[in-house]
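Peer 1: Using the hints, build the complex out of the two chains.
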Amino acid sequence: MIFFMNVIGAPAPTRTYKIDDDLITRIGADDPDAFNTLYENINQPLHAYILSLTQDAQNAEDVLQETYLKIRSAAHLYKAMGKPMAWIFTIARNLSMMQHRSAKRTVEEEIDQLEHDPRFSTQFDREDHVFLKEILSQLNEKERSIILLHTVSGYKHREIARDLNMPLSTVLSNYSRGMNKLRMMVEYQKASSK
Amino acid sequence: MNRRKIKQRINRAVRQITPNVYDNVASVPVQKMAAHDHVTRQDLPEENRHTTWTLRFAPAFASLAVLFIAVFAWWQFLRIDSVVAVDVNPSIELRLNRLSRVVALQAYNPEGESLAEAVSWRFSPIEDVIQRLLGAMVQQGYLQSDNSFLMLSYQQENQNRAEALNQRLNKAVLRLIQQSPEMVYVQRVEIKEIPELADDYGVSRGVMQLILKAQIMNPQYSVEFLSELDLQTLYWLSENTMNSAPESTAPSQTPVPTMTPTVEVTPTARSWEYLCWEEDDDEYEWDDDCWAWLWTTCGEGDRLNDDCVQRIVNECWDDGELDDDCFDD
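Protein sequences appear in the order of chains A and B.
Counted from 1, the first sequence has number 145 at position 144 by our numbering; the numbering is strictly sequential.
Counted from 1, the second sequence has number 350 at position 308 by our numbering; the numbering is strictly sequential.
Isolated chain B (complex conformation) (with noise of 0.2 angstroms):
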């Protein structure tokens, strides 16, 4: 006998002793319960209820399980973990994610952003990144002279991660470092509240950095002054007090302000050396000739007289340098 007919004949015994108890129970007066009794109560089995429960909340479950999948590869891959400054005269800040993967970039100025443009970096690894750019650079005409200038600024709040990305941006620029020791340089950026003022400036945080340290050694020249000196001269200025620095030590071309002009003196506790700075052809130059007049002016022994010089910035002082003829006057 095969399931079919096992089916059937079950099917067949119960039906005929299906009893029809209509009339009997559709007629009947009944008393309506005031509350359910243990019979009739609606309470799902356990088993049901852990199922039902969990059914209803499967949406959430899946809803979190989506979102936690998004933080994790939000945090793993997206979010910027550390930030990596590329510094000639191109300025290039590259954004990377845990991975020390590049997964933003941004160029600071019309150089920077031709040179992002010829270089592949999205989701590559740092050290390519460095690479190709390095690549870039010299197919452009950058870091062809000895006097070629490269820093690289990195900022990551963990002090192992820290390390590790000095290792590999060191690793980057080795063959560099092994042909010119001194045209590269590597810091960190330790201050938080360097992001904010770079960008303010309109600098890359590395830049930003050397300027704080340029201003901390000469504290003489304003952020605006050194915002727009050129990259050696700022790093030079970041290492070297001006008043103290032998001129031996200072870059061949960097514009390095001479403390003789005609009078053999020691600069004055308050330095207005600013004053003899001037613009020529968006670089600053340092004016002897301006330097000399200050202290025929306004010198006096082995200081200038601050009521002298105050007198000629009032007068003579015009748009960011001094007017000659004022001062001939």
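Same shape as in the complex, but just chain A (with noise of 0.2 angstroms):
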């Protein structure tokens, strides 16, 4: 299994998104069809940095599902400013930050639990999540989420800075930060292993 998910690596990621305000005024007014498809296009992204804030998985998912709730019940209160991502992302960091204050679970308990997790197992590779916990580990918290994003997402770096209303520099500085520390930390290791 591992041997194979070498091989083939993850699938590329893929940029389906059509995050308009028109969509979130659409689910102010119940329209379903516009939740589906916003569930759609954001449900990867919006866990990667939701993953990047919480570092840790159960966390991210219970944020997750508060955020989806949140946004259905503020949506017909949004204001069009041609930027729902970035309302949606401040939601996941506000309920983030929110359920750091309540609840911290260590990173190896969880990764035990997802091991053992019904909806995990049959993709799940023990390997790739100890590399996960190293990253979440390493990096800040703004290396985090860019990288997520960028890898997990596609996010182009310019977007990120719009939804995360971040500068430019800042996002393409911590990037290129955050992946020399994540490739120093893999060749340690490696030169660990001989």
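Calculated from the structure, these hints are not laboratory results.
What you were told as hints is all true, and nothing was included just to trick you.
Below are the BS3-like pairs computed for lysine-lysine, each with C-alpha atoms no more than 25 angstroms apart in a straight line:
#1 LYS84(A) - LYS19(A)
#2 LYS134(A) - LYS47(B)
#3 LYS234(B) - LYS255(B)
#4 LYS84(A) - LYS157(A)
#5 LYS49(B) - LYS134(A)
#6 LYS49(B) - LYS157(A)
#7 LYS143(A) - LYS84(A)
#8 LYS74(B) - LYS80(A)
#9 LYS74(B) - LYS84(A)
#10 LYS19(A) - LYS49(B)
#11 LYS49(B) - LYS191(A)
#12 LYS134(A) - LYS191(A)
#13 LYS47(B) - LYS143(A)
#14 LYS143(A) - LYS49(B)
#15 LYS182(A) - LYS49(B)
#16 LYS182(A) - LYS47(B)
#17 LYS157(A) - LYS143(A)
#18 LYS47(B) - LYS157(A)
#19 LYS47(B) - LYS191(A)
#20 LYS157(A) - LYS19(A)
Remember, it's a predicted structure, so these values are computed and weren't measured experimentally.
Peer 2: So, in structure tokens, the structure goes:
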């Protein structure tokens, strides 16, 4: 399984996001198709972002659900500003901070739980998750958010800058610094294993 | 492991644990919020709000900057800061910017227009333009005789800048001053209303000031009359009262009226000399015979009888001069 995954690699990040102010307005009017479209388009990047904030898969899932519910309950109040993803990320961030105050788990515990979780068991790769654990611990919050959004969701740097309300230079420098940290980490691990 | 492989591995790891929560969130009833709370509020972070504010007003700032630059450029390079009038017979006014470079030129007569066409002046220093004008004048036959007369008049409100301009003008005509000091007259135009008056009479502001000076010295002459006189006569009248001037002080070629017709008298308090100026070939000349006749007819001791002169004026003054036939009758 591990061999298979390493050979074919992960699916490339797909860019199918078509989120605009109108979609949020339709969700505010209880349009189920609109919410379905939103979910299909943002679930991957939203989860990646929340995971980068919580560093915890279970907490990330909780926050993910709460974020969707918040979107549904507040979409009718949304004021069109041309950046709906920025609003969604803000909700996710605020909920993550609230979650962080109320509950803490260790990554090790969480991985053990995930391994036996029926939702993931068919695809779960322990090595990948150890690697993910290392990433989450080695990088700071900005670096995590930027790298996960870029690598998992295919977000471009300028899109990350726009939706996380950061200067593009900050996004680029954090991405570069984070990737260098990861490369050094991998090289160190490789040297240690020999 | 290179960057691409690291990214692939992150991608794979995160995708494996991305949950599908659709069923848990799509159909669950939610209560619509009455207003945003601290979680859903749309306020932008401070840094971004600042950036947005800056960007929103960027066009306005850019416009202001362009406007400021344009105003500064106009103020520095195009705004008329001072005026220099060059009068010989050709009459020209040069408008200068703050850097004392000529930005505009106006000729007041055909001779001036001809002269202006002969020299380059745009954005040249005032000294250079005056020297070019002097050269062109010599080529066109002006300033050749001993009786030539050049007047430079400048208008500059700031005292220090006025003094600096005065020095530059004197420097520009230094050679001419050394050759013949009496040929050159440099004056500062100090009366604010002069430009408007000069426009009314179609003369340069230097000549206008000279006219006013001449009228102060010789109030018997009207501005209209003085504006028709040649420059040298006008200058003489601006420096001397005609009544008291000894003949010897008058420029040799200037038609200075003498006060000694047929009777040895001093002029009246109310002067009637203008009656005896007559126009000949566009120049005014003093008519001794007229003056003698006037005294013969209306003289009463040391003065002219005003009623008598007034009668002559009423009956014989025609089109700016006395009708000789009528006067004889």
